[in-house]
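Enquirer: Starting from the known structure of chain S, fit chain G onto it as the hints suggest.
Going line by line, the protein sequences match chains S and G.
Going by my numbering, the first residue of the first sequence is number -13, and it counts up by one from there.
Going by my numbering, the first residue of the second sequence is number 6, and it counts up by one from there.
If you're looking for bench data, these hints aren't it; they were derived computationally from the structure.
From the three backbone atoms N, C-alpha and C, an ideal C-beta is built for every residue, glycine too.
Be a bit skeptical, because a hint or two may be false.
To be verified - Examples of chain G residues toward chain S, derived with CB under 8 Å:
{"#": "1", "residue": "Gln91"}
{"#": "2", "residue": "Arg225"}
{"#": "3", "residue": "Lys228"}
{"#": "4", "residue": "Asp229"}
{"#": "5", "residue": "Lys262"}
{"#": "6", "residue": "Gly317"}
To be verified - Listed next, the in silico DSS-like pairs over lysine-lysine satisfying Cα-Cα at most 25 Å (straight line):
{"#": "7", "chain 1": "G", "residue 1": "Lys92", "chain 2": "S", "residue 2": "Lys67"}
{"#": "8", "chain 1": "G", "residue 1": "Lys327", "chain 2": "S", "residue 2": "Lys146"}
{"#": "9", "chain 1": "S", "residue 1": "Lys62", "chain 2": "G", "residue 2": "Lys262"}
{"#": "10", "chain 1": "S", "residue 1": "Lys67", "chain 2": "G", "residue 2": "Lys383"}
{"#": "11", "chain 1": "S", "residue 1": "Lys284", "chain 2": "S", "residue 2": "Lys355"}
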Amino acid sequence: MKKPPVTSINTVAKRLVGRSELVLQRKNIRESLVSVAGLIGRPVRYQGGKEIGRLVDVVVRHGEDSYPPVSGLIVKVGQSKSFIDGARIAKLTQSEIQLSSAKVDLTEFIRREGESLLDADVLDHQIVDVNGLRVVRSSDLYLAPLDREIRVVGVDISFKAFIRRIFPGALGRGPIPEHVIDWANVASLAHGTGVVRSTESRAALGQLRPADLADLIEDLAGRERSALIEMLDPDLAADALEEMEDDELQGLLRGLSAERSAELISRMEPDEGAEVLRDLDDDHRESILLEMDTSVAKQLRKLVEFDETLAGGIMTSHMLITRESDTVASALKLLVENRERDISDGVVVVDSKGKLMDHIQIIELIAAKPNVTLSTLMGPPYPTAVHINTRLDEVIDEFANNRGSSIIVVDEKNKPVGRILADDLVDALASISETSGFAQGSGAL
Amino acid sequence: MATKKVISPKKIRIAALLAVMGPGMIAGLSDDDPAGITTYSVLGADYGYQLLWVLAASTIALIVLHDLGARIGVVTRQGMIGLIRQKYGARAGVLSAGALIIANIGTMTAEFAGIAAAGQLFGLSKFLSVPIAAFAVSFLVLRNSFAKVEKVFFLISAGFVAYVIAGFMAGPDWGAAAKGVLIPTIPFTQEAIFIATATIGTTLAPWGLAFIQSYAVDKRLTKDDLKLLRVDVWTGSLLTGIIGFFVVVTCAATLHKEGIHINDAADAAKALEPLAGTMAKELFAIGLIGAALLAASILPLSTAYSVSDLTGRPSALDDSPKEAPLFYATFGIITGLSALLILLPGAPLITILVVTQVINAVLLLPLLIYMFGISRDKKLMGEFVATRTMKTIYAIIIAVVGVAIACMLWFILIG
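Pulled out of the complex, with its shape left as it was, chain S reads as follows:
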């Protein structure tokens, strides 16, 4: 059996996270680790040694800290479960917990915003190893005193730690420090109201390629999956969603709030976003569109209505429109301002009535003098334009005949409404061959 590549993960982690120090590298922390799995079921005592009850769970609070502090304990007293504030803990060892007073208030546990239970929500649950790029299960969690509080400092995903736990007594409790991964390197996606966040793991997730992130999202279960999406940078999440399979994406959106869905879809390329919305049922689509910026929603609504087998259904509405009286300098400025959307290889030029005149490549703009008007650059070859209701096969023919990387889509009045890039065409063809592939499959079976 291959051992999990824990060492290599840590090495990569150091490189990725680098900036901040990992506390597990401190000797005093490594030597004072307490296993959470081993701690559950151990006695909790008053000052003086009288037993209150047995530990059921450890409550932690997530905030901006990389290492979440223990905010309380859930203790089984007689037949009921009570909550004890974390501030009361005087001494926490592997075999027992001692409180700082001889009497405490036992209250009922009510989960507060940003809290999670280590045993019920995190232990044995799926977590994302952001550096190993995979979903794993946590075998154990480790606590240690740090900055005057007891905090979660590490997680163990090794099989060894997991097997250790099935042994009874002290044998099942001892930490194996060499397998512990620093908490700052994992993204744990706890159930319930508390979502475990750590700034470092967030940063590390940001370095993943959208396609890898999409795989990771597809590997996760419902709530954990939504939690990961919530924790990602919206632009990155939107990129990852574009990479996901259609039906996976549909399932995912059902697990997210309309607000978050709206945020993500409006950050996707308009044609991709429209495609996602088109597949949703009417109520769901409407609830998402209502949460959007009205201008974005209006644009998407228009796109959604187009048939996917027509030019209007596969085009992207994003393009840069300029007047023929504009200067080269202002066109370039527009391109620079929109560089994040990186699909603009030039500007579309219209006349005073908004009718299509030309498409000017970025290279022509750079070569021209900045103060001349765009009309001076206009001339053959003119761009290929198709009507929004042009059928897909005709669009393909146009592409083949003109060998361009994009064509412009216009409405009845010859006003430009969008562009079809070569990759939009590839996407459209891929989704068609997928559908007919199923049909062929049905013949074979």
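Expert: Using the frame of chain S, we list chain G on its own:
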């Protein structure tokens, strides 16, 4: 100019169904393994049509439990063992997985025994048939993509048609068969109760329950697919019952009529020859090979899913051996070990089979209770949490299975 192919909505629906099909069909049919065929043959040979209702009842239980397993898989995207670890703790997870591994090695040995027996009916030595089968299933799973593996599974399942043909050839008394399905009567003898409980036990296999859940996860089905998946599960489970029905009917119409007692499915094939013509023997043997091959592919796969799931390691047929070493290693070890056990001269086969039966029976009950617990867990199942009606149905089935298991253990260990 190329014209676009028009796909009718009906065609799309069928295509969508076929794309979802798999977990229910494969997990169901693999329960009709050589051990199952043997049980059905004995049931038919010894009691004629009388106990067909037991088969009908187990089919209903199979539908309900596979439906639940598949739904849990799709909703939680986790295998059964992983969920047990998450919800019931490390010890429950390790114990379940451990029992499952041991039982699966035993069951896998039984599948190879079926292949050896069927091979011998065609005059093929077991030293040839078993290694070939072991390599064939390993090659299939190790070297192919999920989609391809699934197609081969469907192809192997076609072998079951042989039983249906044999059933018609035997010329059964359909009226008596219908009566046997609908009217539950049982002679109160130890043998009759044993074969009835064995029928339930062989239909509801722990590895099948673990498999359907993991397989639905691996197939990456989504909540959207649940309706179609239900069609798949019902079809698969019903077919499983129907094939069992034809095996029982064939044996009832021939062996039972003549008062011939048999010990296993290969016995049944041999005994059929003079009664239903030569083809009946060949058909029974072909069916047996298909049944054994399908189960022999599913068992190590089910084990590999469970072990990977327990440890939280990657486990997908589309992963490469390098990406999922534990998954493929488990598959190889289970297959190799079982092949070795069957080929080893002097291996205590009878003991292995009895112990396997006991572990499978003992394991089934806690697994069902865990599944019941998971189905009621709002946190895990969300909107698909079991309704009150479903909970009642699950509870009744678990109670009946519990009684059957207790009877069976009583017979094996004490009776």
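Enquirer: Mind listing which of the numbered hints don't hold for this structure, in increasing order?
Expert: Per hint list: 5, 9, 11 violated.
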